[in-house]
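A.B. asks: The chain contents come next:
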Amino acid sequence: MKSKKAIAKDSVATDVVNVTTAPVSKEYFVLRLYIAGLSPRSTLAVERIQRICDLYLMGRYELTVVDLFVNPEMARQAQIVVAPTLIKQSPSPMRLFIGDLSDEKKIFLGLNIVV
Amino acid sequence: MVESLKGGGHVGFFCLKERLISKTVSKNNNSTPGNLPKCTTGIQGLDEITSGGLPQGRPTLVCGSAGCGKTLLGIEFLVRGATLFDEPGVFIAFEETAEELAQNVRSLGFDLDGLIEKKKLAVDYIYIERSEIEETGEYDLEALFIRLGFAIDSIGAKRIVLDTLETLFAGLPNPAILRSELRRLFRWLKKKGVTAIITAERGSGSFTRHGLEEYVSDCVLLLDHRVDGQISTRRLRIVKYRGSSHGTNEFPFLIDEGGISVFPITSLQRQHEASSERISIGVPALDAMLGGEGVYRGSSVLLSGTAGVGKTSLACHAADACCRRGERCLYIAFEEPEAQLLRNMRSIGLNLEPWVKKGLLRFHAARPTMNGLEMHLASIHKLVEGLNPSLVIVDPITNFISSGTVSEASSMMMRLVDYLKARQITTLLTNLNRNEGALEHTELDISSTIDTWLLLRDMELNGERNRGLYILKSRGMSHSNQIREFLLTDNGILLTEVYLGPDGVLTGSARLAQEAKEMATAAQRNQEIERKRGELSRRQQALEAQIAVLQLQFQTDKEEMERDITTEQVYLEKLEQGRQEMAFSRKAQSNGVPGSQKKVRK
Chain A
1 MKSKKAIAKD SVATDVVNVT TAPVSKEYFV LRLYIAGLSP RSTLAVERIQ RICDLYLMGR
61 YELTVVDLFV NPEMARQAQI VVAPTLIKQS PSPMRLFIGD LSDEKKIFLG LNIVV
Chain B
1001 MVESLKGGGH VGFFCLKERL ISKTVSKNNN STPGNLPKCT TGIQGLDEIT SGGLPQGRPT
1061 LVCGSAGCGK TLLGIEFLVR GATLFDEPGV FIAFEETAEE LAQNVRSLGF DLDGLIEKKK
1121 LAVDYIYIER SEIEETGEYD LEALFIRLGF AIDSIGAKRI VLDTLETLFA GLPNPAILRS
1181 ELRRLFRWLK KKGVTAIITA ERGSGSFTRH GLEEYVSDCV LLLDHRVDGQ ISTRRLRIVK
1241 YRGSSHGTNE FPFLIDEGGI SVFPITSLQR QHEASSERIS IGVPALDAML GGEGVYRGSS
1301 VLLSGTAGVG KTSLACHAAD ACCRRGERCL YIAFEEPEAQ LLRNMRSIGL NLEPWVKKGL
1361 LRFHAARPTM NGLEMHLASI HKLVEGLNPS LVIVDPITNF ISSGTVSEAS SMMMRLVDYL
1421 KARQITTLLT NLNRNEGALE HTELDISSTI DTWLLLRDME LNGERNRGLY ILKSRGMSHS
1481 NQIREFLLTD NGILLTEVYL GPDGVLTGSA RLAQEAKEMA TAAQRNQEIE RKRGELSRRQ
1541 QALEAQIAVL QLQFQTDKEE MERDITTEQV YLEKLEQGRQ EMAFSRKAQS NGVPGSQKKV
1601 RK
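The listed protein sequences derive, respectively, from chains A and B. Heads up: the first sequence at position 38 corresponds to 38 in my numbering, and the numbers run straight through without jumps. Every position in the second sequence, counted from 1, becomes a number in my numbering once 1000 is added.
Everything labelled a hint here was simulated from the structure, so no lab data went into it. Misleading hints may appear alongside valid ones.
[Claimed, not checked] Derived, one-sided and incomplete: chain B residues facing chain A with beta-carbon distance under 8 Å:
#: 1; residue: 1105
#: 2; residue: 1124
#: 3; residue: 1126
#: 4; residue: 1132
#: 5; residue: 1133
#: 6; residue: 1134
#: 7; residue: 1136
#: 8; residue: 1137
#: 9; residue: 1138
#: 10; residue: 1139
#: 11; residue: 1141
#: 12; residue: 1142
#: 13; residue: 1150
#: 14; residue: 1172
#: 15; residue: 1356
#: 16; residue: 1542
[Said to hold, decoys possible] Heads up, incomplete: computed chain B residues facing chain A, CB under 8 Å, no partners named:
#: 17; residue: 1127
#: 18; residue: 1128
#: 19; residue: 1140
#: 20; residue: 1146
#: 21; residue: 1149
Note that beta-carbon positions come from the ideal geometry of N, C-alpha and C, so glycine has one too.
So here's chain A without its partners, still in its complex pose:
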């Protein structure tokens, strides 16, 4: 888990890095987290989604962290206005989570994760 966090942090600094684990069962989650630089809010959001993924979606998720400062064109492509924004691309329906992801209940509800 710690290593993954480290990778995620690296991605913030460098470029888009796919953090994936092999699918195991149930639905496969494709998540994208758009952050704006290494603000405390961004770091918090990255840590939180990472924790949720590791705890509940182990082996069946693909999380991409995009730093918009590095890839500003991604904001336009993905229709991002707010940072941080987490997008659940699959399974459908697509959902957007805005904010630092501190409200876990809403995330579980939106991701359809039973705790």
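Start from chain A and add chain B according to the hints.
C.D. replies: Here is chain B on its own, set in the frame of chain A:
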């Protein structure tokens, strides 16, 4: 949002814009450096009323209700910037996609795709669907900033339009965050140094629904779209403009195939050239009344009168004279369609058809209620641009009142006259006087803008109506103060002297009768003179005859008397001779002296 007009002629309109723009640009360059730097919008009229444009590098709020032209104003600001001033622009659309936007403004001749290709324009459509969004904690609009920053930097934009920023309030759940972020956004925009237009919906009781005017404090424009008596008029008002003088009125504006045109009520530049060239008005007698040479080129002429006094006929004569000089004439007819007008003019011997065919005379027949006043003004502008006439006739201006209120119509006329004067175009307006009120009065109250005012009036006498014409005023020339009778004949208009008698002005058959009477009297007098002359000569003849008779008699008498005298003399001689002979015989003296003979006798 985009109104389309009948096609045609919009190339000319563009020329007008370009010209006006170049004027404002040159004006800007001359401005003193101490002034607030301004960003010339390139929108016709807007730069004039903002004295140079929007505040450079600062945001401007454009608010108004739905469909009042906010988006279009923004688009035109960017398009003009990109095409005229080489200032690339970014359009951030919250409501329409780039494709929709391009499609909507294509009818205005704006080629967004082309500009995007040339890197003169970037359009970013921001889409927020509230139902997909879950708020899970603190957030900010940094992503939007990045997005705007990226768009701005990608083309080196100097202008940006955010249309409509307030959509964010509908899309994002936390207004408190949004408010503080918007404040930051405007600061950020200023720091970026881009001139921004932010559009916002009009709220009830406030300029914008979410109070954006609190944040954008540099310049606020209010657009309005009102419908009065089924005729809509768009208006623009500068609510505030920090650090700059600006027009405070509501300025009507128009959206047509040339984009937005804002019309300042009174032109800011009233320094027209004043030509001293005189042109004929088509009726020689009338030219003679106007100081002998007609009216000044580029002046405004008003023909006013009641119905049926021949305003249109006189106007058509002026048009004919204009075309005869080889100049172009624009005839805006609100009462009659072209064909009818041509036919009617033929009846007074005026054939205008060749001029129409030659392209020298152009009729523009329109229903006054077809458009609002601004649309009329714009279409006249456009026609003038396209035709470049030297005479514009509006027949009659009174009909404009039916397209708006009297004050609107008069302000529009004032602007029209100003515009035409600035272009050195002679203007001939006809005004229909209603029966009530004085004749020396126009309902539109434009007499002060008129240089030459001809009054046509009917004179009712002896059960008939006749037309009279006189010059009420004519600036800058000595003109006749006489009333002339105005006759419409088969050969056009004739002006004759009216009969001014002890009973007042006599016209028509009364004048004819009076003239006949005078002629009869004159004939009588002539006869009398002839008669007297005859008598005189007769008397002379008689006298001469008498003299001849007397002379003859005298001659006879003279001869008789002379004869008598001779006879007497002869007698006396004979007597003397006889006496001598007797004496001689008595004394037998052959050489006797009579004296001695007498002595002897004593």
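A.B. asks: At a threshold of 8 Å, is the proposed contact between residue 1140/B and chain A supported by beta-carbon distances?
C.D. replies: Since the shortest Cβ distance to chain A is 6 Å, the answer is holds.
A.B. asks: Does residue 1138/B pass the interface check with chain A, least Cβ-Cβ distance below 8 Å?
C.D. replies: Holds: closest Cβ of chain A sits about 5 Å from residue 1138/B, inside 8 Å.
A.B. asks: Once the shortest beta carbon distance from residue 1124/B to chain A is found, is it less than 8 Å?
C.D. replies: Cβ of residue 1124/B sits 6 Å from chain A, so the hint holds.
A.B. asks: Min Cβ distance, residue 1133/B to chain A: is it shorter than 8 Å?
C.D. replies: holds, 5 Å
A.B. asks: Once the shortest beta carbon distance from residue 1137/B to chain A is found, is it less than 8 Å?
C.D. replies: holds, 3 Å
A.B. asks: Please verify that hint: residue 1149/B, Cβ, nearest Cβ of chain A, below 8 Å or not.
C.D. replies: holds, 7 Å
A.B. asks: Restraint: residue 1172/B near chain A, CB-CB cut 8 Å. Satisfied or not?
C.D. replies: holds, 7 Å
A.B. asks: Would you settle whether the hint for residue 1134/B is holds or violated, based on the nearest Cβ-Cβ distance to chain A being less than 8 Å?
C.D. replies: Result: holds, 5 Å to nearest chain A Cβ.
A.B. asks: Once the shortest beta carbon distance from residue 1139/B to chain A is found, is it less than 8 Å?
C.D. replies: holds, 4 Å
A.B. asks: Is the interface hint satisfied for residue 1126/B? The criterion is a beta-carbon contact with chain A at less than 8 Å.
C.D. replies: At about 6 Å, which falls below the 8 Å cut-off, the nearest Cβ of chain A leaves the hint on residue 1126/B intact, so it holds.
A.B. asks: Grab the minimum C-beta distance from residue 1142/B to chain A and call the hint holds if it beats 8 Å, violated otherwise.
C.D. replies: holds, 4 Å
A.B. asks: Does the nearest C-beta of chain A fall within a distance shorter than 8 Å of the C-beta of residue 1105/B?
C.D. replies: violated, 21 Å
In the structure shown, a violation is registered for the earlier hints numbered 1, 15, 16, in ascending order.
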